[in-house]
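Engineer: Protein chains in written order, with our numbering: chain A, 12 to 199; chain B, 12 to 199; chain C, 12 to 199; chain D, 12 to 199.
One thing to keep in mind: the hints can contain errors.
To be verified - In silico DMTMM-like pairs for lysine to aspartate or glutamate, Cα to Cα no more than 20 Å straight-line:
no., chain 1, residue 1, chain 2, residue 2
1, D, Lys-49, D, Glu-146
2, C, Lys-157, C, Glu-146
3, B, Lys-49, C, Glu-152
4, B, Lys-49, B, Glu-112
5, D, Lys-157, D, Glu-146
6, C, Lys-49, C, Glu-146
7, A, Lys-49, B, Asp-144
8, C, Lys-49, D, Glu-146
9, A, Lys-157, A, Glu-146
10, D, Lys-49, A, Glu-112
11, A, Lys-49, A, Glu-146
12, B, Lys-157, B, Glu-146
To be verified - Now the stretches of chain D that chain A is said to cover, found in silico as 3 or more residues with beta-carbon under 8 Å:
no., region
13, 63-74
14, 112-124
15, 149-158
No lab work stands behind these hints: they were computed from the structure. Backbone N, C-alpha and C fix where the C-beta goes; we use that ideal spot for every residue, glycine too.
Protein chains: 4
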Amino acid sequence: MTTSRLEAFSDGVIAIIITIMVLELRAPAQPTLPALVKVAPVFITYGLSFLVAAIMWVNHHHLIHAVHSVTARLLWSNMYLLFWMSLVPFVTDFLGKNYHEPMAVALYGLDLTLCSTGFYLLRGELIRQSRSDSEMIEYHERIQRKNALSGVLYLFSVPLAYLSVHASFFIFVLIPALYFLPEKKLAG
Amino acid sequence: MTTSRLEAFSDGVIAIIITIMVLELRAPAQPTLPALVKVAPVFITYGLSFLVAAIMWVNHHHLIHAVHSVTARLLWSNMYLLFWMSLVPFVTDFLGKNYHEPMAVALYGLDLTLCSTGFYLLRGELIRQSRSDSEMIEYHERIQRKNALSGVLYLFSVPLAYLSVHASFFIFVLIPALYFLPEKKLAG
Amino acid sequence: MTTSRLEAFSDGVIAIIITIMVLELRAPAQPTLPALVKVAPVFITYGLSFLVAAIMWVNHHHLIHAVHSVTARLLWSNMYLLFWMSLVPFVTDFLGKNYHEPMAVALYGLDLTLCSTGFYLLRGELIRQSRSDSEMIEYHERIQRKNALSGVLYLFSVPLAYLSVHASFFIFVLIPALYFLPEKKLAG
Amino acid sequence: MTTSRLEAFSDGVIAIIITIMVLELRAPAQPTLPALVKVAPVFITYGLSFLVAAIMWVNHHHLIHAVHSVTARLLWSNMYLLFWMSLVPFVTDFLGKNYHEPMAVALYGLDLTLCSTGFYLLRGELIRQSRSDSEMIEYHERIQRKNALSGVLYLFSVPLAYLSVHASFFIFVLIPALYFLPEKKLAG
């Protein structure tokens with residue numbers, strides 16, 4: 012299997028994930044401001060998840076680009092990641108409708124934690140593949156540390172939701188912000 | 012990141028956007044003419060949005076084709092555009108069900124205004140990239156002016172909807188008509 | 012615009028059309044045989060539309076393969092075709108739920124007639140493009156005649172539905188059967 | 012028709028199938044543990060179907076990779092497979108909501124049996140295409156036997172569901188487990 016095949020399939024899945032989320036945005040039955048305002052939390056969580064998924068797509072692209080050979084371990088780590096990513100529309104919808112409920116916030120954080128473990132596995136496989144290239148390993152390990160940090164933060168947001176949903180939301184907004192800045196340099 | 016990757020991903024997202032809109036077209040429960048006629052406004056808005064999205068796809072294609080390098084600014088301008096485009100099914104559904112309500116018309120116009128700002132950002136980045144090529148800059152600036160005009164018209168349709176929804180609809184039909192003709196020459 | 016770009020976008024749209032139709036197949040709430048039998052007509056129309064869409068995909072592929080240059084006329088004929096194809100899930104759903112109602116049958120026939128006009132426009136553009144090659148023109152005109160025949164048959168199924176829905180269904184089954192056999196030779 | 016075109020289209024359809032299944036995962040209305048627990052069976056069947064579809068994608072990829080020429084027989088065997096695969100979201104949803112009902116379990120087993128027959132037809136065509144290469148035939152026949160085994164097991168799960176749904180579920184879990192291990196070696 013070539014990396015381009017794996018990438019095309021993953022891209023397809025991510026494009027669909029990012030787009031079907033909008034199907035959860037049900038147009039309000041009445042065209043009144045209060046009815047529209049009620050949709051607002053669903054809209055805002057949609058925006059957040061769109062940003063998170065877009066960042067994941069960019070990261071995934073850079074990651075697959077660095078792949079030497081598509082091993083079974085890599086292939087199934089990728090499927091594992093796509094599985095948890097495929098649940099983003101579900102947890103987004105649940106969060107949008109219950110944004111003040113600890114359980115919905117915790118579930119959202121949990122799914123993003125599991126996505127982080129997917130990226131961790133994939134990056135770990137890349138480090139294994141670049142055994143001889145110390146510069147490459149250093150590069151991957153730097154990204155791996157950053158990835159681990161966001162994974163730990165997401166994990167932390169799960170119990171935190173039961174103390175304060177606002178604190179968990181702060182983490183949800185913080186991580187894209189952190190990722191965004193360095194990615195700017197990477198992609199530039 | 013290569014432009015072909017960015018284009019393939021954007022194409023995937025736009026293909027999905029254009030196609031899932033049809034899911035909002037719910038088949039009437041009874042096979043009677045009045046029941047079918049009730050679906051007509053949803054059908055007509057679907058047709059309009061299909062045309063608008065098709066034009067956006069063609070424009071996006073020409074735009075990405077002229078890209079020199081995928082900078083972070085370009086990448087995220089594109090994501091910004093895709094975000095607002097992804098809301099087209101939502102505002103289309105809302106408009107189809109409430110085509111005589113100013114709020115639904117205004118929201119439709121607002122989303123298309125925001126799509127225009129996405130194209131404006133992307134084209135602005137292209138102008139920045141072709142710093143040395145005066146002929147290319149002139150070409151891009153000509154399209155940019157046309158784009159700005161349609162953006163301003165869309166923006167104008169937002170408050171206008173509260174005076175006359177028909178006037179806003181006139182703008183919604185006018186802009187595809189304007190775009191269509193020159194595009195014919197471009198693509199030919 | 013290259014033909015490969017146009018083909019990839021069309022393929023994406025057709026793949027989505029073919030797949031989202033299954034979303035209309037709602038699982039019955041009770042796991043009883045009568046409840047399942049009630050889904051049967053929806054299932055059978057789904058099967059028919061899957062076959063029709065698959066044939067369209069194959070035909071569309073052969074058609075785009077023969078394109079010399081992507082003119083505006085070709086591009087928008089293709090968009091016109093995709094628009095009517097995008098309504099196949101809608102008319103399929105309507106037919107599946109009202110398979111004994113003339114209106115639902117007529118609407119299904121009408122949409123497939125309009126798809127045929129899309130293929131007619133595309134093939135006409137191909138004939139125009141191969142002005143100098145008499146062998147190619149003959150080839151295209153032979154397919155065009157076959158296409159026109161199926162278009163006329165579909166058109167005929169529209170009023171026929173009000174006399175006998177069974178007769179229209181006979182046409183719906185006949186046309187894939189007719190297309191299938193020659194296609195076998197073409198693709199072989 | 013080139014194999015890459017066939018593969019891209021199939022990949023698109025499979026990517027959509029794998030992703031739209033998540034739309035059946037409806038977020039519970041109340042954010043309570045009992046409401047979430049009620050979604051659990053739907054979630055588990057989703058996970059199982061995701062795994063099954065992912066394995067099918069990998070197998071399909073290896074299969075298409077070995078294709079010499081896209082004959083009509085191959086093309087329509089592939090469409091036949093995609094048709095039964097496209098029903099996976101339907102039977103998954105039905106099973107998730109009725110996991111203790113023999114009919115839902117039997118229907119799930121039946122659809123996967125039919126998917127196996129699709130793979131059987133495709134592999135049979137590959138064996139026919141590699142008439143001169145005895146090593147290749149041996150390789151294909153080995154996979155064909157494994158495929159036939161899983162097909163027979165799936166078929167067996169259909170009547171078995173009426174004796175014990177647990178026994179059928181055991182088969183549903185066993186087959187991915189069996190496939191997974193050798194695939195690891197193949198892809199490695």
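Engineer: So, for every hint listed, does it hold in this structure?
Structural biologist: Outcome of the hint check:
no. : hint                  : verdict
1   : D:Lys-49 x D:Glu-146  : violated (51 Å)
2   : C:Lys-157 x C:Glu-146 : holds (17 Å)
3   : B:Lys-49 x C:Glu-152  : violated (41 Å)
4   : B:Lys-49 x B:Glu-112  : holds (16 Å)
5   : D:Lys-157 x D:Glu-146 : holds (17 Å)
6   : C:Lys-49 x C:Glu-146  : violated (51 Å)
7   : A:Lys-49 x B:Asp-144  : violated (50 Å)
8   : C:Lys-49 x D:Glu-146  : violated (50 Å)
9   : A:Lys-157 x A:Glu-146 : holds (17 Å)
10  : D:Lys-49 x A:Glu-112  : holds (18 Å)
11  : A:Lys-49 x A:Glu-146  : violated (51 Å)
12  : B:Lys-157 x B:Glu-146 : holds (17 Å)
13  : 63-74                 : holds (count 5)
14  : 112-124               : violated (count 0)
15  : 149-158               : violated (count 0)
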